Amino acid sequence: MKLLRFGPAGTEKPGLLDAAGVVRDLSGQIGDLTPDQLSTDALKRLAALDPASLPAVDGPVRYGPPLAGVPKFIAIGLNYSDHAAESNMPVPKEPIVFMKATSCLQGPDDDVMLPKDSVKSDWEVELGVVIGRTARYVEQAQALDHVAGYCVVNDVSEREYQLERGSQWDKGKGCDTFGPVGPWLVTADEVGDPQNLGMWLDLNGERVQTGNTKTMVFGVAELVAYLSRFMTLVPGDIITTGTPPGVGMGMKPPRFLKAGDVMTLGIDKLGAQRQTVVPWRRIP
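Position in the sequence shown counted from 1, then plus 84, gives you our numbering.
No lab work stands behind these hints, which were simulated from the structure alone.
A few of these clues could be false.
As the list claims (entries may be wrong) - Straight-line Cα separation of at most 30 Å, DSSO-like style, residue types lysine-lysine; simulated pairs: (1) 204 / 128; (2) 156 / 353; (3) 200 / 336; (4) 342 / 204; (5) 342 / 128; (6) 298 / 204; (7) 128 / 177; (8) 200 / 128; (9) 128 / 336; (10) 255 / 128; (11) 336 / 156.
Keep in mind the model is a prediction, meaning the values are calculated, not measured.
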């Protein structure tokens with residue numbers, strides 16, 4: 085299934101995308117797509133619905149983040165060896181873990197706002213992993229049993245904040261609008277092997293990132309098992325798993341986002357995003 089949330093920001097309704105690409109309204113069946121809808125039984129109930137029996141949503145829709153009430157937004161750094169090389173950093177011996185603030189989550193096509201005084205904002209197409217079952221000290225062989233599905237994430241990053249203001253990456257990762265997710269949460273059964281998904285990102289129509297999840301340093305199963313040693317993973321947690329090469333920081337000379345830029349990105353089976361970069365403005 086391709087599960088989603090649609091409508092104005094803050095008042096999204098739950099939905100799904102049928103085989104013909106039509107958005108179907110799930111609000112008559114569930115209140116919202118929240119972590120409690122990610123259990124095996126809950127997903128089976130949704131999968132058993134006949135999409136044709138659900139109201140079709142007319143006209144263009146705004147997609148919100150595909151999940152409401154995300155408990156944790158966990159990120160993995162330097163998880164592609166060629167990205168580590170372009171960043172002039174060694175390939176990590178263990179996963180580099182940091183957090184993105186859940187307040188940065190937004191819809192896949194919403195504007196990305198440059199932070200106030202930002203000069204080094206950057207792009208990163210990444211595979212997002214959505215936890216469906218509580219994971220605590222799980223073994224790698226069972227780790228994927230705890231995954232409900234996958235989604236596209238743009239791990240937008242302010243490199244000065246991330247790398248030049250102390251040792252904590254979080255400062256450059258959780259700025260408002262820096263977490264576009266979606267358009268859909270695609271259930272694990274529909275995705276199959278998460279280690280064979282092509283991914284790409286275009287900036288103003290120019291292809292700058294091309295990669296495949298098969299080149300991850302640490303695969304999805306290993307990441308879920310590893311993280312579960314250090315924190316309990318709960319339903320609704322999103323793990324964004326690192327980016328392939330082609331980020332602005334690695335270009336010669338470096339290239340960073342400016343107002344008016346357009347990022348378009350996608351991953352096989354998971355859909356595509358499109359964001360326009362806008363100047364900083366005060367959010368009410």
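To see whether the hints hold, each was checked on the structure:
The suggested pairing of residue 204 with residue 128 is violated, with an alpha-carbon distance near 44 Å, which exceeds 30 Å. About 24 Å separates the Cα atoms of residue 156 and residue 353, which keeps this hinted pair within 30 Å; it holds. Distance hint between residue 200 and residue 336 is fulfilled; the C-alpha atoms sit about 25 Å from each other, no more than 30 Å. For the suggested pair residue 342 and residue 204, the alpha carbons sit about 9 Å apart, so the restraint of at most 30 Å is met.
Of the pairs offered as hints, the one joining residue 342 and residue 128 is violated, with about 44 Å between alpha carbons and a cut-off of 30 Å exceeded. In summary, the hint linking residue 298 to residue 204 is supported, as the alpha carbons are separated by about 29 Å, within the 30 Å threshold. With a C-alpha separation of about 38 Å, the suggested pairing of residue 128 with residue 177 is violated against the 30 Å cut-off. The hinted pair formed by residue 200 and residue 128 fails the criterion: a straight-line CA distance of about 45 Å is larger than 30 Å.
At roughly 49 Å between alpha-carbon atoms, residue 128 and residue 336 are farther apart than 30 Å, so this suggested pair is violated. Note on residue 255 and residue 128: the hinted pairing is violated, with a Cα-Cα distance of about 39 Å set against a maximum of 30 Å. Restraint check for residue 336 and residue 156: the C-alpha separation of about 35 Å exceeds 30 Å, so the hint is violated.
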